[in-house]
Amino acid sequence: MVIVPPSIDLAAVGPELILTGVASLLLLVGVFFKEQSRFLNPWIALLGVILASGCASYELFPHTTFQGMYAADLFTRFFKLVFLLGTGMTILISIKYTADERIEHAEYYALLMFATVGMMLMAAASDMVTVFLGIETLSLSLYVLAGYTRTRLVSNEASLKYFLLGGFATGFLLYGIALIYGSTGQTNLAKIAYAVTHGNPNTGLLTMGALMLLVGLGFKVAAVPFHQWTPDVYQGAPIPVTAFMSAGPKAAVLAVMIRVFEQSIVFMNIDWTIWITILAIFTMTVGNIAALVQADAKRMLAFSSISHAGYAMVGMAAASREGSSAVLYYMLVYTFMNIGAFGILALVARQNEHRTAMRDFTGLAYKNPGLALIMTILVFSLAGIPPMAGFTAKFYVFMSAIKAGQNFLVLAAVVNSAIGIYYYLRFAIYMYMKEEEAPSTLPPLRASLGLILALVIALYGVIRLGVLPAEYLDFAGKAFLTF
Amino acid sequence: MFPILTVIILIPLFGAATLLFVPKKSENIIRGITLMTAILDFIVSLPLFFDFREDTAAMQFVERLTWIPSWGAEYSLGLDGISLFMVLLTTFTCVIVYLATWTAVDKHVKEFNIALLVLQTGMVGVFCSLDFVLFYVFWELMLIPMYLLIGIWGGKNRLYATVKFFIYTMGGSVLMLFAILVLYFEYHAQTGVYTFDILRYHSFGMSKTLQFWLFLCFFIAFAIKVPVWPFHTWLPDAHVEAPTAGSVILAGILLKMGTYGFLRFSLPIFPDASVSAAWWISWLAIIGIIAGALMALAQTDVKKLVAYSSVSHLGFVVLGTFAFTLRGISGGIMQMINHGISTGALFLLVGILYERRHTRMIAEYGGLHKVMPKFAFVFMIVALSSIGLPLTNGFIGEVMILIGVYEANAVYASLAVVGVLLGTAYMLWTYRRVVFGKVTNEKNKTLPDLNAREMIYMAPLVVMIFLLGIYPNPVVRKMDASVKNLLVTMDKAKEARLGHPAAALAANLDVDKKRD
Numbered sequence: 001m002v003i004v005p006p007s008i009d010l011a012a013v014g015p016e017l018i019l020t021g022v023a024s025l026l027l028l029v030g031v032f033f034k035e036q037s038r039f040l041n042p043w044i045a046l047l048g049v050i051l052a053s054g055c056a057s058y059e060l061f062p063h064t065t066f067q068g069m070y071a072a073d074l075f076t077r078f079f080k081l082v083f084l085l086g087t088g089m090t091i092l093i094s095i096k097y098t099a100d101e102r103i104e105h106a107e108y109y110a111l112l113m114f115a116t117v118g119m120m121l122m123a124a125a126s127d128m129v130t131v132f133l134g135i136e137t138l139s140l141s142l143y144v145l146a147g148y149t150r151t152r153l154v155s156n157e158a159s160l161k162y163f164l165l166g167g168f169a170t171g172f173l174l175y176g177i178a179l180i181y182g183s184t185g186q187t188n189l190a191k192i193a194y195a196v197t198h199g200n201p202n203t204g205l206l207t208m209g210a211l212m213l214l215v216g217l218g219f220k221v222a223a224v225p226f227h228q229w230t231p232d233v234y235q236g237a238p239i240p241v242t243a244f245m246s247a248g249p250k251a252a253v254l255a256v257m258i259r260v261f262e263q264s265i266v267f268m269n270i271d272w273t274i275w276i277t278i279l280a281i282f283t284m285t286v287g288n289i290a291a292l293v294q295a296d297a298k299r300m301l302a303f304s305s306i307s308h309a310g311y312a313m314v315g316m317a318a319a320s321r322e323g324s325s326a327v328l329y330y331m332l333v334y335t336f337m338n339i340g341a342f343g344i345l346a347l348v349a350r351q352n353e354h355r356t357a358m359r360d361f362t363g364l365a366y367k368n369p370g371l372a373l374i375m376t377i378l379v380f381s382l383a384g385i386p387p388m389a390g391f392t393a394k395f396y397v398f399m400s401a402i403k404a405g406q407n408f409l410v411l412a413a414v415v416n417s418a419i420g421i422y423y424y425l426r427f428a429i430y431m432y433m434k435e436e437e438a439p440s441t442l443p444p445l446r447a448s449l450g451l452i453l454a455l456v457i458a459l460y461g462v463i464r465l466g467v468l469p470a471e472y473l474d475f476a477g478k479a480f481l482t483f
Numbered sequence: 001m002f003p004i005l006t007v008i009i010l011i012p013l014f015g016a017a018t019l020l021f022v023p024k025k026s027e028n029i030i031r032g033i034t035l036m037t038a039i040l041d042f043i044v045s046l047p048l049f050f051d052f053r054e055d056t057a058a059m060q061f062v063e064r065l066t067w068i069p070s071w072g073a074e075y076s077l078g079l080d081g082i083s084l085f086m087v088l089l090t091t092f093t094c095v096i097v098y099l100a101t102w103t104a105v106d107k108h109v110k111e112f113n114i115a116l117l118v119l120q121t122g123m124v125g126v127f128c129s130l131d132f133v134l135f136y137v138f139w140e141l142m143l144i145p146m147y148l149l150i151g152i153w154g155g156k157n158r159l160y161a162t163v164k165f166f167i168y169t170m171g172g173s174v175l176m177l178f179a180i181l182v183l184y185f186e187y188h189a190q191t192g193v194y195t196f197d198i199l200r201y202h203s204f205g206m207s208k209t210l211q212f213w214l215f216l217c218f219f220i221a222f223a224i225k226v227p228v229w230p231f232h233t234w235l236p237d238a239h240v241e242a243p244t245a246g247s248v249i250l251a252g253i254l255l256k257m258g259t260y261g262f263l264r265f266s267l268p269i270f271p272d273a274s275v276s277a278a279w280w281i282s283w284l285a286i287i288g289i290i291a292g293a294l295m296a297l298a299q300t301d302v303k304k305l306v307a308y309s310s311v312s313h314l315g316f317v318v319l320g321t322f323a324f325t326l327r328g329i330s331g332g333i334m335q336m337i338n339h340g341i342s343t344g345a346l347f348l349l350v351g352i353l354y355e356r357r358h359t360r361m362i363a364e365y366g367g368l369h370k371v372m373p374k375f376a377f378v379f380m381i382v383a384l385s386s387i388g389l390p391l392t393n394g395f396i397g398e399v400m401i402l403i404g405v406y407e408a409n410a411v412y413a414s415l416a417v418v419g420v421l422l423g424t425a426y427m428l429w430t431y432r433r434v435v436f437g438k439v440t441n442e443k444n445k446t447l448p449d450l451n452a453r454e455m456i457y458m459a460p461l462v463v464m465i466f467l468l469g470i471y472p473n474p475v476v477r478k479m480d481a482s483v484k485n486l487l488v489t490m491d492k493a494k495e496a497r498l499g500h501p502a503a504a505l506a507a508n509l510d511v512d513k514k515r516d
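Order-wise, the sequence lines are chains A and B. Take the first sequence: its letters are residues 1 to 483, numbered as in my numbering. Take the second sequence: its letters are residues 1 to 516, numbered as in my numbering.
It should be emphasised that the hints constitute simulated quantities derived from the structure, not laboratory data. Watch out, some of these pointers could steer you wrong.
[Said to hold, decoys possible] Ranges between beta-carbon positions, derived for each pair:
1) B/Arg200 to A/Leu205: 46 to 56 Å
2) A/Tyr460 to B/Val411: 23 to 33 Å
3) B/Ala189 to A/Gly21: 27 to 37 Å
4) A/Gly54 to B/Thr18: 30 to 40 Å
A virtual CB, placed ideally from N, CA and C, is assigned to each residue, including glycine.
Bound conformation, chain B alone (with noise of 0.2 Å):
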């Protein structure tokens, strides 16, 4: 069998080491072949869109080697329904990305490709590895890169938010590492077998307690990367200081490995603890998604206000995850998907702002819509998409999730309603004061509309954009064998915990009837 997902995985790396043979000087040629070798690792990886089953939730694509025996670890990697769309999201967004830093970085443009190159391996082996060493390995291969993207290509205050980023995720990580082991060894005194294998410790049974304290140190790990309120602090920071490929690659992707992890780690392994977790976790989540516009509102830099917006829309996909239900979670999924495209889009749209005036003042802007039509154009798709109007994708994801939560907890539900207002009128106010009014500032009279370059690369953006907004059926059908297997294990926690098994299933399979 074609080892397609290591293929995936190696494509990067192979173009970052073929970069260290290009002369410094030949910038162009540079960018080119890291712009064709994201172009190639897209198309080799559609393939795995169309191949996808859809009626299992057993791994797909699944390539096993050998690899440190003695440890029990191994080289294994494989997809369900919940990581294709990750590991699709990276590879599209990652062209995305090379084509639109083009002219945005002009200093060490070498190893800025290569680090980028590095970051993109980082990322698609992390949702790819079935194995808990090679998924903390590539986890922590991510950083490294991230963190030099950020502190050599950042703004003013790049080192301060450099290392906030690193120490902040580094501690989460090494507490994770820490409940890996310990897992392993429980693992080893209840079977007798020494394994990392990711899939054989799905609902094995621990001792509450023992639970209890594995799913913290997780959830800490992945909390502070997606990050929840009131972990989220490093990332205005980070995400202001980045060069806009550092914040969309952020934005986009690397905020989604902590619901991911989520979704392949704390519910799957820990489903006590999650279950009786959940509370305060939706708590935490709703206080994010108010705090998070709440501060977006306030913002008089648009890529902060961006920023403070992922913590929100990042809110809905966990309240929508620990909600445990059928809707809730693919509503996450659709959620995580969506915030990708969106917020990826917004920081693309603040980077052209920023190339043509070097500043991210809202006050600064106005009246846009008579110097650059095209932007204004494709600002307002964006932001609409972003606010979750109907035929656009965010609509469906937040829906989703919204219904989910309703069916799980209706008071969590309209406290998130709450949530989805306050978008709206941060980012229509945003895009009112940037877009419409008259020109105040000279400075913008002479702006250039987008070029064919920037066009080339929002296209696909707003194309996506529709194209989940109005038929998102292939994407929900190939999750969904997946998520449904995911909620036997969560129902069967609720059962325990709740006692009243009927109450749990019913919404469940009414949702399915619906569906059919």
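Chain A extracted, bound-state conformation (with noise of 0.2 Å):
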């Protein structure tokens, strides 16, 4: 008898595989080296991102690898360049942040890397196990960073809430996977999609097992009506966390419902996209009034975040390549300014987070003006007014839904559009606009040199994308689903 040896390719997960050894080195240093490696753990982290990024940037021939389960395509590949831009902002924005707030331990940073691989599996996902896999790798990640400031209530509150909820979630999507499983006998997608062209599956038990797996991927991707756990948990979890949070993961779920959906849910006999439209619709303007009323920014950063998923939902409702081209584009844009955003949220915090309202950014512009300025290009950009890349990511997402005759949807995105702008200007009100009530007696901000690697970049990003977007929009372009 023959044994056939699994065909499993290394070179495709690389990246993977990078993240994890140098996760794993950093939780062994951080046990021996305590107190030493306290100030190299963010470097060392940041290493692994780099070596990773190298690793995924290389062209890989599309193919499945692990029996079908792992896609290595360009979609994958610029999902995983966009999670490693994220996770090393996220790093760079940490490094200070955790200082202050005496977290600056191994595990931070392990867990961040663990993060990004979780997702890095969901974007690769051809199959619903490595779907499932993903999603609670990056979920147990995100559930104790999310708790990571201890001692603070509000992000014990956090943790544990993300965790319940999360819970509740997961249990939709297996479900949901398990209803498909049972309806094709088939756990990967392009099996599920021939099984239900060639075979007879129950249309009811398939319709069933789409739509809870749109509810558990719904909460994950925080779209109206699953949102309701997100302006809690993004508030009590660390700045940095949040930032992590609200870009890298968000893309990684758009990841998972642009394959599955367009690659066996769309053939089932199934109107998907009207459910996407309307989970669309509702996450932008829900996402959108409820930042209008925020005084705290970092809870309306929060709330801006679900409006932002609902613009890229809009990409997804075109169900066409340009459409998920748009989405990869939106969220890779949107890494750059959010977390940039975050990043300066972080610093005009001040240590515990005391200090995230709006009031807090009152006339910054006349006291630090580089990072007022820069605060301003970033949330004009995430109120995508061009010359901003914001601007360019909404356009082509706008485009690619008209195109798909969406003329309904883009409507409604082009009015929150305009509804969203007003909250963001309040940050440019605070910090242009009024004056202290009282001179304020808080020593000056200093940017650290992590901080300011990250607002380069964001600022890179954000108006070489918006100004010459046009190899990127190859780039994205390129990376349509070949699995």
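Combine the two chains into a complex, taking the hints into account.
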């Protein structure tokens, strides 16, 4: 009897291996050189991210490996680079924050990297099992990270809420997978599609399964009405973690949604774009309207990130190659601008995050003009005003949706963009247009090296992808699904 | 070929970049650099006027570079007889504004001047763009500095005014963005080409229904900007709260973007929808003319008065544009230039008073001809130009519009004349209350008259008032070919709607004969 060794291509999972390796190394270093490693931890992690990026940018011939469970195509590659960008920037803005909060443990950085591995698995998942594996790896890391500042009550609350509700949502997801499996006998996306088109599956079960999947994934991407956990968790988690959660993991879930919906559910006789359309409209509108009334900058950015997931879903609703490229591009841009904005918030918030209210930005323009200018550019980008990248990204998403005939959805989206501007403008109002009631006695803010690096990256991204987007658009345009 | 338009767009941006490296404290150096930048930009833009060829309606000084090939968006710039004057008006006004605002702003001078220069880049860019995406980028780019100008250096109620301004404009803009995208795919569906090239969209066939809806989206965006009644409510707030520099730029240039948008987008791209919507737009314009004038009559704040007079004056421009006659449209463009000069000058005069007395209430003044004779003299010229007295620029514009409108519809023209009368009333009445009579207020007795700097920046405006009033021909001639080209499209649309081509054509031919 001949035993055929399973096809395993380690090069395809190179970035995951590097990250896991470096993270494990970090954990060991953390145990044996606890005191000495304090200052080294972030830089070791950063090195790992850079190595992984180098590995990820290597262009592989599109193929699946691990017996069809892992797709190594340009789509995966694009997302991996987006995740690494997000993780890298998060590490940079974490350096000073973790030192201030006395949480500069190796575990913090290791968890960030494990979360990234989870996201990568999600983006590459061509099988429901890989989807589940990725989501769990990501979620477990995030549950811990959300509660990482253990002495702060809100942080604990965030972690617990996230864990309980997250576990609940995972149940939905699993149930969905099980129902689809029950109907088709497959977990592989391509095989599900084949079974649906060639077999005679139970439509009722399939529809239920697809809906359950949507609920589970909708929870993870914080789509309205499954978003209830988001504001509290985002507000309670340490700021760099919130920055991280609002960019990478959302992109990862969107990647999964694109794969699952466009590779298998599209073949089921289900009108899934209408679900996404409804979700997108609710997500944009509720996120925006809730953000309008927030007095706390961190909470406001949390709601704004909900509405951004909605804009990205407009691209999904297009259900086309342009649509998914637009989502990719959107998430890339969003990573740049959102983590940059959170970085500045982390600095303004000072120790213990005492100062995250909008009014704490008062007069920033005259105390730290450079910082205020960068923040202005970033929030205008978030608002989608040209020539910043936020505009290009929105434009691309709207374009793809109109091409697919989703005119009403785009109309809803542009009206939302106009509403959204109001609360982004408030940053500029506080920084430039309000006077401080009493002269502040606080020491002046000083940006750390890590933050400066992160802001330079963010600024580059926001301006480069806004003014001369052609190359990056092509890059996203090429990153379509092959499997 | 020398990329003159790019240079004109970029000079202010480089000026702004230079300012970043000038220390905050050296305020006069900052102001000096800003002024020099604007003067340089104006000088560079002058050849546009002299090198402009009158015999063609094609775009001139065209520049094209690939920008986002996968979308079909290009970096393409060019001018025709319509946009030429808008660019010149911008570079001209900016020089005067920067000189005028020398002492008016003394807080955060560096940021103020950077905002002004970025604004200038955006404004010139809007008028030069021949690509939808590029146009939209400049269109929005302009909003940010304007928002900051009102919000940081404005009056008491500035936050309310600036947010209102931004939200209104943005609301219109996003609708336009939506329409651009729909248009883009409609064009592709018909021709198989993805392009954002504006000129290609001129008079390409669409179903009437689609034309109507897209026209409406564009119309709302531009109507907010103009502002056409009833979209005008942001304007008085923005004008009153804005610093003088902001008001002058707002009135002089930003408002023209709406009417320019009608000429560049609405009419040529949606000719059928424009013709069929002309009746209600004309009524809106007439309501704007009369309501604006009546509101102006009722104001006690002189800046608000000028703001409402803008609503009234721009009503004329819209009315002329939607008359679809040679005189109407040329007159509209003339009036755009005139309004920029006269209303800009009015805001500057109000600013001069405000700098001295820190109040804009008409009742606070009176008898200024005794203490400020030079001011009274300049104010008289500007007021008369705003009224449209013969020999001043205002007369040319208004008469051309009224004739043009009369050719199309006598009722509209006679109603618009009411606006002219009311305009005379509020302007002269204001002049009387501010300048004539006895000095009733003690504080006014010691007011200094115009100083040298103020004379220097008012002088070019006064010269322009008379130059355009006495010899407007060089200007009118340069816009002729472009306007006629536009009319060919509009006449076809009118034929299609009315079914008697002779009548429509005859009106225009008649005008041509008279001119020749």
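Quick rundown of the hints versus the structure:
1. B/Arg200 to A/Leu205: 46 to 56 Å: Holds - the Cβ-Cβ distance for arginine 200 of chain B and leucine 205 of chain A, about 51 Å, lies within 46 to 56 Å.
2. A/Tyr460 to B/Val411: 23 to 33 Å: At roughly 60 Å between Cβ atoms, valine 411 of chain B and tyrosine 460 of chain A fall outside 23 to 33 Å, so the hint is violated.
3. B/Ala189 to A/Gly21: 27 to 37 Å: 52 Å, violated
4. A/Gly54 to B/Thr18: 30 to 40 Å: 39 Å, holds
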